[in-house]
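Undergrad: What follows is the residue order along each chain.
Number of protein chains: 2
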Amino acid sequence: MNRKELFQLIKRKRSFLCIGLDTDINKIPKHLLSTDDPVFEFNKQIVDATHSLAVAYKPNIAFYESMGSAGWDSLEKTVNYIRSVTTDIFIIADAKRGDIGNTSAMYARTFFSTYNFDAVTLAPYMGLDTVTPFLEYKDCWSIILALTSNKSASDFQYIQDKNGTHLFEDVLKTAETWGSDDQIMFVVGATKAEALQEIRKIVPDNFLLVPGVGAQGGSLEEVAKYGMNDHCGLLVNSSRGIIYASTEEDFAKVARKKATELQEEMELYLEDFGLL
Amino acid sequence: MNRKELFQLIKRKRSFLCIGLDTDINKIPKHLLSTDDPVFEFNKQIVDATHSLAVAYKPNIAFYESMGSAGWDSLEKTVNYIRSVTTDIFIIADAKRGDIGNTSAMYARTFFSTYNFDAVTLAPYMGLDTVTPFLEYKDCWSIILALTSNKSASDFQYIQDKNGTHLFEDVLKTAETWGSDDQIMFVVGATKAEALQEIRKIVPDNFLLVPGVGAQGGSLEEVAKYGMNDHCGLLVNSSRGIIYASTEEDFAKVARKKATELQEEMELYLEDFGLL
Numbered sequence: 001m002n003r004k005e006l007f008q009l010i011k012r013k014r015s016f017l018c019i020g021l022d023t024d025i026n027k028i029p030k031h032l033l034s035t036d037d038p039v040f041e042f043n044k045q046i047v048d049a050t051h052s053l054a055v056a057y058k059p060n061i062a063f064y065e066s067m068g069s070a071g072w073d074s075l076e077k078t079v080n081y082i083r084s085v086t087t088d089i090f091i092i093a094d095a096k097r098g099d100i101g102n103t104s105a106m107y108a109r110t111f112f113s114t115y116n117f118d119a120v121t122l123a124p125y126m127g128l129d130t131v132t133p134f135l136e137y138k139d140c141w142s143i144i145l146a147l148t149s150n151k152s153a154s155d156f157q158y159i160q161d162k163n164g165t166h167l168f169e170d171v172l173k174t175a176e177t178w179g180s181d182d183q184i185m186f187v188v189g190a191t192k193a194e195a196l197q198e199i200r201k202i203v204p205d206n207f208l209l210v211p212g213v214g215a216q217g218g219s220l221e222e223v224a225k226y227g228m229n230d231h232c233g234l235l236v237n238s239s240r241g242i243i244y245a246s247t248e249e250d251f252a253k254v255a256r257k258k259a260t261e262l263q264e265e266m267e268l269y270l271e272d273f274g275l276l
Numbered sequence: 001m002n003r004k005e006l007f008q009l010i011k012r013k014r015s016f017l018c019i020g021l022d023t024d025i026n027k028i029p030k031h032l033l034s035t036d037d038p039v040f041e042f043n044k045q046i047v048d049a050t051h052s053l054a055v056a057y058k059p060n061i062a063f064y065e066s067m068g069s070a071g072w073d074s075l076e077k078t079v080n081y082i083r084s085v086t087t088d089i090f091i092i093a094d095a096k097r098g099d100i101g102n103t104s105a106m107y108a109r110t111f112f113s114t115y116n117f118d119a120v121t122l123a124p125y126m127g128l129d130t131v132t133p134f135l136e137y138k139d140c141w142s143i144i145l146a147l148t149s150n151k152s153a154s155d156f157q158y159i160q161d162k163n164g165t166h167l168f169e170d171v172l173k174t175a176e177t178w179g180s181d182d183q184i185m186f187v188v189g190a191t192k193a194e195a196l197q198e199i200r201k202i203v204p205d206n207f208l209l210v211p212g213v214g215a216q217g218g219s220l221e222e223v224a225k226y227g228m229n230d231h232c233g234l235l236v237n238s239s240r241g242i243i244y245a246s247t248e249e250d251f252a253k254v255a256r257k258k259a260t261e262l263q264e265e266m267e268l269y270l271e272d273f274g275l276l
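Chains as they are written, first to last, in the numbering used here: chain V, 1 to 276; chain Z, 1 to 276.
With the rest of the complex left out, here is chain V (with noise of 0.2 Å):
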């Protein structure tokens, strides 16, 4: 999927949402916990009540791995379930892997070819021959880690140069010239909303991928404000505040309805912003 038609996705589903599939054994609804794979089957439940409202599911890896070789089989088979159930659909592996050329060679066949992922989350820290790899599968997208959402991202990301420019726009400046905007995307926090402006100077024509609105603070509509660009350029993702928001057996109803409430208020930023 390039960049123009993950836009007509966006303008169909008249939504940017990505609903992360961060699916702790831990936190989902006890009646869940006496089916064969739990995990799984809390996955598909809250695929069909909501792929209709996003455009894109975000599994995060160590959810899955940290249950061993079996949370590997229930993500192989959520990716299989959301693919046989809609083609109008893109699929983002949050993985931020990165390693040395020969090692991401066998990161970018884990999830482009083994797993049937449409994009996966790199860290920038290794810089290029970390990346070149994943772009060789031509119809699949490398979303670079530039400003993050958490707290501690001001460890570095902010660390400024001889010429006073913060590293994440180093990063975004840097990995922007590795490959086309079809398949390059870049990870910037909700949370860090008043820098969009910015970062739209230095990249205005790639999607971004916005995690940090809902259980981490941030607000869809400073997102929107900042961050829209002319294709929408925008994924943005809610997870805890979508999947867990019951715990009760009502539990996909209440993420359709959570979803819903984005979609919505997506719509009409993006008919605000003459898109629709």
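Take the hints with a grain of salt, since some may be wrong.
Identical copies carry no separate label here, and so any pair may be met within one copy or between two of them.
What the hints assert, rightly or not - In the DSS-like style, the derived pairs of lysine-lysine whose C-alpha atoms are separated by at most 27 Å in a straight line are:
1) Lys-162 <-> Lys-173
2) Lys-151 <-> Lys-173
3) Lys-151 <-> Lys-162
4) Lys-151 <-> Lys-225
5) Lys-253 <-> Lys-27
6) Lys-44 <-> Lys-27
7) Lys-253 <-> Lys-44
8) Lys-138 <-> Lys-27
9) Lys-138 <-> Lys-173
10) Lys-11 <-> Lys-258
11) Lys-13 <-> Lys-173
12) Lys-151 <-> Lys-138
13) Lys-258 <-> Lys-30
14) Lys-201 <-> Lys-162
In short, the hints are calculated from the structure, not lab data.
Based on these hints, arrange chain Z on the given structure of chain V.
TA: Below, chain Z alone, put in the same frame as chain V:
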């Protein structure tokens, strides 16, 4: 295992060799492919042949992950097999993970609880809260990327801040304060041996995990000269140079020969430094 115990292990084995188990099913000897689990069988024979010479093994997780859940099973069997053969060993998950707090807690669970690793490599870009959950496992180590061995390391790691300090030096200075020398280690590539003198001024006491000897061209002699401290302070890794030294049926025997050459050279440096 704390820093003192790791040093005792190094003295007992007269070695600071770490063997990287970057086991790629496309590179292992063909006669193993008919076994039930070729990746595990390969690792088992490498471990049998080399465990008396190495103080550490370091499976790079990408190689296992790329095979899906079956790969994770091979990894688990490998770790358990190493533990069954010897208690005199340190096992590192080369995973280069890093995510926000609640997610890093999942990764910490993966490597220190679901699997039985002593240490995990971590990317520093997102700051302290990505590392804290790992430090809560008191006998386990966080090995933070500082100066990596790949060519593109210079993309960001050599950026100079307003004071002329390189990013990798800022990472060392900051991350050194995150925990004790019994839990924090740093990755410094052997291909950057000349930087070790300056690095030792910043982190005189921390252990360094040094990849890049062998296939990547780093010099063991220079690493020892510039990096060794009074606890040795070095784990020098070789992966491809040992495990793929032969791709025939004699692979384990040849791996032992290569590992012996490195161990004997290391013993000399330990003696020269007055540590044996």
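Undergrad: Tell me, which hint numbers fail for this structure?
TA: Violated: hint 11 alone.
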